[in-house]
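Just so you know, the protein sequences line up as chains A and B, in that order.
Read left to right, the first sequence gives residues 1 to 773 (full-length UniProt numbering).
Read left to right, the second sequence gives residues 1 to 582 (full-length UniProt numbering).
What the hints contain is simulated information worked out from the structure, not anything from laboratory work.
Owing to the predicted nature of the structure, the values given are computational and were not obtained by experimental measurement.
Check before you lean on any hint, since a few could be wrong.
Unchecked claim - Quick partial rundown of chain A residues pointing at chain B, CB under 7 Å, derived from the structure:
1. PRO40
2. GLY41
3. VAL45
4. LEU302
5. SER365
6. LEU367
7. GLU473
8. ALA477
9. PHE554
10. TRP632
11. LYS635
12. MET675
13. GLU686
14. GLN697
Think of the CB as a built atom: it goes at the ideal place given N, C-alpha and C, for glycine as much as any other residue.
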Amino acid sequence: MFSLKPPRPFFRSYLLPQPQTDDKISSEPKIKKLEPVLLPGEIVVNEVNFVRKCIATDTSQYDLWGKLICSNFKISFITDDPMPLQKFHYRNLLLGEHDVPLTCIEQIVTVNDHKRKQKVLGPNQKLKFNPTELIIYCKDFRIVRFRFDESGPESAKKVCLAIAHYSQPTDLQLLFAFEYVGKKYHNSANKINGLPSGGGGGGGRSIAGSGSSQKTPLFETYSDWDREIKRTGASGWRVCSINEGYMISTCLPEYFVVPSSLADQDLKIFSHSFVGRRMPFWCWSHPNGSALVRMALIKDMLQQRKIDQRICNAITKSHPQRSDVYKSDLDKTLPNIQEIQAAFVKLKQLCVNEPFEETEEKWLSSLESTRWLEYVRAFLKHSAELVYMLESKHLSVVLQEEEGRDLSCLVASLVQVMMDPYFRTITGFQSLVQKEWVMAGYQFLDRCNHLKRSEKESPLFLLFLDATWQLLEQHPAAFEFSETYLAVLYDSTWIPLFGTFLFNCPHQRVKQSTEFAISKNIQLGDEKGLKFPSVWDWSLQFSARDRTLFHNPFYIGKSAPCVHNGSGKAFKRTKKSYSSTLRGMPSSLKNGVISDQELLPRRNSLILKLKPDLLQHTDSQHNEMEQYFQEWFSKPVDLHGIILPRVSGTHIKLWKLCYFRWVPEAQISLGGSIMAFHKLSLLADEVDMLSRMLRQQRGGPLEACYAELDQSRMYFRARGPHDASATPDFLSSSFPFSPVGNLCRRSILGTPLSKFLSGAKIWLSTETLANED
Amino acid sequence: MSREGGNQDLSETVPRLPGEMLITDKEVIYICPFNGPIKGRVYITNYRLYLRSLETDSALILDVPLGVISRIEKMGGASSRGENAYGLDITCKDLRNLRFALKQEGHSRRDMFESLMKYAFPLAHSLPLFAFLNEEKFNVDGWAVYNPVEEYRRQGLPNHHWRITFINKCYELCDTYPALLVVPYRTSDDDLRRVATFRSRNRIPVLSWIHPENKTVIVRCSQPLVGMSGKRNKDDEKYLDAIRETNRQISKLTIYDARPSVNAVANKATGGGYESDDAYHNAELSFLDIHNIHVMRESLKKVKDIVYPNVEESHWLSSLESTHWLEHIKLVLTGAIQVADKVSSGKSSVLVHCSDGWDRTSQLTSLAMLMLDSFYRTIEGFEILVQKEWISFGHKFASRIGHGDKNHADADRSPIFLQFIDCVWQMLKQFPTAFEFNERFLVTILDHLYSCRFGTFLFNCESARERQKVMERTVSLWSLTNSNKEKFKNPFYTKEINRVLYPVASMRHLELWVNYYIRWNPRIKQQQPNPVEQRYMELLALRDDYIKRLEDLQLANSAKLSAASSSPPNSSQMMSHLQTQF
């Protein structure tokens, strides 16, 4: 095993030995006072004592005293003082409650009160004043603030500079995961034959405890793709291995799925014409045989028409009904990544940075002018239209985008979440992220801007989680996971430990980690690069009990679909007797074999007639689609079939848990949807318990049943039949998060920071302030 | 159901209440704003307008109580040529319009127009409101829900400091107040009479609610008659001090004037005003900035403009903002929170007034009481709250709603009670387990606010209701709700005593009540029943089923000892009911 020792999450925990009933039990010696808890490979680079962490904006009476350290992984505030006012804490095993991972830092502002100076710290910058205050703006919307009134001025300055330096690394290999994994390999090399078993990256370990004992398919292997083909019943599609060793494209996975009628030879030739050599690859198939495919633009203008025709014909051929292909040019129909980033910056500014009261009056119009909700809606609407094409029109859909690795990820995932109930389970959703984001080459490194220098930053992944949340909000019983799960997943993108979110594509992981391994003298053996921990190994971050908060008590699940034998049915699929005639046949022969002209794609079929801006439907097409939606909404929802979003302005809402969880003024104490969640959890748990008792009753005596209680999938548990336990007093609309100490906007004598900073927006741009020192 | 209607077909297909009579029926085209023109037959009774589609592919039914109608207009004239251009346009009080196209021949429009005018606006024709003709019988008497003596006793009143006075028994002190009032113990009835001369419409400060532990109180009244000259009244000043002194620890009485301060000042010109610092030393006055009935009416009009028939899509949020509706909701809630906070913290007793003390004051006292007292969050408790703070204290329902009155442009009309119910709904949203009742209960109350089927909301004050013998001659809305309680129960309700609810009155949490304001639009309507509630009900049923099976099994197991042949229930059959994944 990859025996990760989880650090003690609470620094006050040495006072009360923490009951660790699950997972890998830490055997670390008692932590000494104000000593940081470090992960393997983590080193302290600087520290300063007598630091005050600000808890409230308007008073210093709750401030905590302690030590601020900067390591190569995080900034950590270590204190003896218990957290005031906070009644509940959702513990991350990798981080203390005051810690911020370096990659989670968005901006570092140093302030000197007396000199009325302030500076946004970039990397390798000088600081000409001794800071009295340090404000960290985090990517997960927190704002943490430290004061150095009593600390050594030079040490304070050094720590600030160290944080600035280490949080803005110049090289990917400086991200902590490398050091961490390197250490793991070294350690394990001393123990077992140099082979770390199950680094997580290879999916070697199960995600036990996350609700199902199933592993999340990572789609790194041929067999994962093959199983997915079988699971969806996609005939006419095959796994293609021409990119093994990334020989064709460095931004495609090694294995992907293509129409059976396209030979490897042809694909190799075609690949040159595509941007990034990203030829079309399959995402998913509807039971009716319509496929969802994504591809990059064909840059070779001369070949464009020909290749396009070949590809579309091949997709048509892979359709059991030989249906036409519907192309959706995402670049022309959806907001681009810069627009999405701009909307997000405004949203963040509005939700967490601006003073609460001042934004109240114009809240609705300000929210509208961020355009965030408009974009969420645009993606949902567009995806729903594609669902119509796939489901009702029986057309295969090709998502086209210049590089095919941004908007395509989002749209492809949303379509699948709407259409396939498997992707609404935890394992299924995770496999979807693997398939359409990680493996498909979504550039997490650039889009998350882990190296803090990319103009390519864009929160597409958050937009996806937000859009998924809208679906969850509208169809609460259709999802196995809760909104807490989605928020925690978002937060996990900012922890530089998981291979999942660190790279621009799988090839980059292999290349970079091989380089790293060589430089560190790590024997890789047969492995392709280092195996980083996977984010799906939730036990690294949360205890089994805390992980139960991922479970949605409203979920109405069927027996979990079995991914492994291919016979599992996520929903009813029609038998396709014709599929066998096509599959496995040499592609060159197929046209000869099929004699029925009806089955051949028509010349000049719809493909070419459809313009890029396909959503400019003719009126009748549009009406048909409207009718399809209306009909769908007029019927009761089949939770195990397709779910569609309502997308009018009144239905698309702000994801409050995600954006307001740290905002103290927005917190509803003992209120919010968590109250119903809590109540339903108790009931769901009681029902589970009764059903266990029933099963056991048929075998054994009643008394034994309560022993199974620990297996509950609910965070809130009934204590027995007809339990009426009181509502815990820590519940709030922010649950399981807490705003206490996490959102400390600065105000000086009632002046909001924005005014203090000579009218600059709080979300300071480095340019504005770089020369103000 | 009554079957005495002449038309055999009709009696089978048109629902009728006992006492309801068919007036006329016509073939019309209903111009549905969502699905286009639909041919149908409209039936007009003395209670409702009922339309059934005559088209085979449409099951459309309209069932609209005539009380909901605010205005009936003829559209198109003899020269109208366009398709469906000739007919009637009916404006309703519940944020919708109904359009019917009729044939130009045969006076069918005239007939329909006249019948509607007569029965939707019976007051203009010296006809009774339908509530007085309604012969419905329920097994519960809603009029028995509210008994002021009992309610005050529940609050622990009278006590050493507060007494019940019968000074207004015949409504001579104040004709818009209830007969029973609670006042400070040491203030005599004569004192009260003198105070009444200094309060607008004699609405003197009286107790609404007392905190069970710290004994601070919520007191309501109308504005003092200060006028331009800044008149003072020793009795009023003494009286307010007596209220403060019912609680010894408190040095100041808090006065919340619901109005914006400019309005309060402006009221001096018409003889009103507010309590000045120099006259009331032991009081602290603040204004809550809630606007008057006219502002609220205009605001709701704007809401209708953006939601009916089509929802403003391209700039939904800024359009919503420009109606200011949620901003008004926010101010009302904020005011109520301040009242509740003062009282629950024991910092001070609170006196609330606006101008006359029957609109904004009722909103504030009732909402604060809802936050403070969990009893009012039950179905019957809420009925008592409405009955007490609104109906008995003279919220002018007749004027604000215009029951049976054709004067649709009357400046007295205003959605003040609707706004209160909206605030309650906002609280329900923020505290999904705190209320025994559900959204449907609130919508039902609002539907019958207009319907005139029940006597509950008729007339402006208790004295008028007594004169009309409303309790004897009409049915109470609470008879309907309390005999169907299951329908109105919130499955998530968790009974809690002594918990004060503080909603967050922020635009970040306030929402437009889509299921009420936009309920006519099939494209916007949210899933009914609410999937979350539905899921909970399913699980409850499942739990009961399991418990029963367990009991059966235990019986069977013990029986098995004697009869080995008995087999346990089929397990797959049992599991098929269980949708939960393990």
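Going through the hints against the structure:
no.	hint	verdict
1	PRO40	36 Å, violated
2	GLY41	39 Å, violated
3	VAL45	39 Å, violated
4	LEU302	42 Å, violated
5	SER365	4 Å, holds
6	LEU367	6 Å, holds
7	GLU473	10 Å, violated
8	ALA477	5 Å, holds
9	PHE554	5 Å, holds
10	TRP632	12 Å, violated
11	LYS635	11 Å, violated
12	MET675	4 Å, holds
13	GLU686	6 Å, holds
14	GLN697	5 Å, holds
Hint violations for this structure: numbers 1, 2, 3, 4, 7, 10 and 11, all remaining hints satisfied.
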